[in-house]
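Colleague: For the record, the sequence lines run as chains R and U. Heads up: the first sequence at position 28 corresponds to 28 in the working numbering, and the numbers run straight through without jumps. Heads up: the second sequence at position 192 corresponds to 477 in the working numbering, and the numbers run straight through without jumps.
Derived from the structure by calculation, the hints contain no laboratory data. Everything numeric in this text was worked out from a predicted model, so none of it was measured. Positions of the beta carbon are idealized from the N, C-alpha and C atoms, including for glycine. Worth double-checking, as some hints may not be accurate.
Stated by the list, open to error - Simulated DEER-style distance windows between Cβ atoms:
{"no.": "1", "chain 1": "R", "residue 1": "L265", "chain 2": "U", "residue 2": "V311", "range": "30 to 38 Å"}
{"no.": "2", "chain 1": "R", "residue 1": "F111", "chain 2": "U", "residue 2": "F388", "range": "45 to 53 Å"}
{"no.": "3", "chain 1": "R", "residue 1": "T68", "chain 2": "U", "residue 2": "P531", "range": "44 to 52 Å"}
{"no.": "4", "chain 1": "U", "residue 1": "I307", "chain 2": "R", "residue 2": "I84", "range": "21 to 29 Å"}
{"no.": "5", "chain 1": "R", "residue 1": "D179", "chain 2": "U", "residue 2": "G486", "range": "47 to 55 Å"}
{"no.": "6", "chain 1": "U", "residue 1": "I307", "chain 2": "R", "residue 2": "Q60", "range": "51 to 59 Å"}
{"no.": "7", "chain 1": "U", "residue 1": "P499", "chain 2": "R", "residue 2": "G187", "range": "45 to 53 Å"}
{"no.": "8", "chain 1": "R", "residue 1": "I32", "chain 2": "U", "residue 2": "A439", "range": "46 to 54 Å"}
{"no.": "9", "chain 1": "U", "residue 1": "F549", "chain 2": "R", "residue 2": "I32", "range": "37 to 45 Å"}
{"no.": "10", "chain 1": "U", "residue 1": "K575", "chain 2": "R", "residue 2": "F111", "range": "20 to 28 Å"}
{"no.": "11", "chain 1": "U", "residue 1": "V568", "chain 2": "R", "residue 2": "I32", "range": "52 to 60 Å"}
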Amino acid sequence: MALRKMSSPLLGKAGTYAAVLAVMIFTMAPFIWVCITSISTNKEITSVPVHWFPDAPTMQNYAKVLFTKSNVSGYFASLSNSLIVATVTTAVCLLFGSLGAYAFARLKFPFRDKFIIFVLFTQMIPGIAVLIPIYIIFRGIGLLDTKTALILSQIAFILPFIIWVMRSFFYSIPKELEDAAFMDGLGRFGTLFRIILPVSTPGLFATGVFAFLNSWNDFLTPLILTSTDQAKTMPVAINEFLGRFSVDYGLLSAAGIVGLLPPILISLIFQRFLIEGLTAGAVKS
Amino acid sequence: MIQAKKRMSEGRFAFWLLLPTILLMVGLLLYPFIYSVYLSFVDLNITKPWIGTQFVGLTNFTDTLADPAFWSSLKITVYFSFFSVAGSLALGLAAALVLNLNFAMRGLFRSLLLVPWAIPLVIVGMIWKLILHPNYGALNGLLTQTGLTGHNIAWLTEPGWSFFMLIVAELWRSFPFVALLYLAALQAIPKDLYEAAKVDGAGAFSNFRHITLPFLQSATLVLLVLRTIDAFRAFDLIFALTKGGPGNTTEIVGLYLYKQGFQFTNFGTSAAGSYLVTILILVLVFVYVKVFKLKDLS
């Protein structure tokens, strides 16, 4: 098929580029502003009129955020907590979620259609509805302020979503593949692990990224369930910074940039899978 | 030919596949859910432990329904949702239409859309707090240096502006998802439809109405549902940006429920309130689906 030129008759070439520029400025400006602030000293940040780029850019904010032994060192602990919780949650959800999704996609069993409504329902309730009882229950068994508590609570929300997305992905795998595997003597589990899962890696990557992002960005759960450095995650630490260091704008910005880099990098690296996964539901007519 | 093994029955295989999920869901969702239903009918008397837990019937529900702060938060949530959903859909569609055009480095620009989408909401709140700072923020700097205003505006401490800026921040972080979805839908539209319309002499607006829009219907329904649910569940951004302030002017329902539970330790009323909100969300989704299904048939 010949590459079609679809320059808008409405806008013309200049108009097109102007519109693209407008969209890009709107998209990136706030992000660029934080980057600029993070490499400025507070003296420059608080000088009037606004310095659009620091006269003396510096990395001292980042050093303060990541390395000093002062109160701020809690941030590094929160980052590592976030990483551990997100990784474990993602791994567990991917494993159990794909298994479950396969069951929904391929097998017949009682309550199959009802169950999927339950899965949808879990995505609709406000987080606070489930977190209050979870808080009380975990408090009762001494699980408050632990990474385990965070992992378990996040699994409750993320696992149904993974099942939902992977299910539609499994639908798209041709049945002949499994029939052929059966002919070759592979049993149920053999087919699943040696044929189906390897073919599903795009879907697994997409849902894996979703799960990781959801866990990394989660704020309400750790806000409610944690209190000290042993389990606090990055969003909670940032929120505390907003209260405690509200006038140290350079510090805030540097902390923010460090916190948003992992999700942004992961999204950009896996963007093809992400976008495919995100848009899968919208394109059927 | 290899002897094909007798396969496990479908039911049994499904059972083993779903066992971990079922265990996790029962323990982490079903049980807490039932417990929270129980919570909504009792008073834990946390501050008066000598009384212990009391069954209070519908009191938690009626207390919530009688609380003006609840209705205020509901009203603010409805406004927030309306502007957030309408705004992000409009903005996202506009961005998608632009990105659907042919120009250099199109892929790169599409990737950059992921930046606002991926940032943790608490950090989005922090970023906008910095931008909106009355004395040192970029927005006031821009406005005063270009002469558009004479003085610094206290965006987050003036009730009207505070809500407005909350919407702006929310639109910034949510339009990329809408844009990406619409972009995928736009790219699925067969090009020859436009060719045929060109032959017939149709203009750009007519094309949009008669060719483009119908293909966007299913995407729009999906987006309406997802964005509305998202808006009603909003919490992180508002907590970080305004904490519900100034006063209560941006206190959305999630924030109200949080305060009930964890500031006033009214777990019962918080649980009851969250069920009222859940019912509301379900009703909305139901309405959306019905409305769009009806359009489909006509």
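Colleague: Compare the structure with each hint and give your call.
Modeller: The hints, checked one at a time:
Take L265 (chain R) and V311 (chain U): their Cβ atoms lie about 36 Å apart, and the range 30 to 38 Å holds. Separation of F111 (chain R) from F388 (chain U) is about 51 Å and conforms to the stated range, judged on CB atoms against 45 to 53 Å. Remark: the range hint 44 to 52 Å for T68 (chain R) to P531 (chain U) is contradicted by a beta-carbon distance near 34 Å. The supplied range of 21 to 29 Å is met by I307 (chain U) and I84 (chain R), whose beta-carbon atoms lie about 26 Å from each other.
Range check, D179 (chain R) to G486 (chain U): Cβ separation about 52 Å, and the 47 to 55 Å hint holds. Checking the proposed 51 to 59 Å range against I307 (chain U) and Q60 (chain R) shows it holds: the Cβ atoms sit about 52 Å from each other. Distance hint check: the CB atoms of P499 (chain U) and G187 (chain R) are about 47 Å apart, consistent with the given range 45 to 53 Å. One distance hint, 46 to 54 Å for the beta-carbon pair I32 (chain R) and A439 (chain U), is violated here, with the actual separation near 24 Å.
Take F549 (chain U) and I32 (chain R): their Cβ atoms lie about 41 Å apart, and the range 37 to 45 Å holds. About 25 Å separates the C-beta atoms of K575 (chain U) and F111 (chain R), a value consistent with the hinted range of 20 to 28 Å. Distance hint check: the CB atoms of V568 (chain U) and I32 (chain R) are about 42 Å apart, inconsistent with the given range 52 to 60 Å.
In this structure, the hints that do not hold are numbers 3, 8, 11, in rising order.
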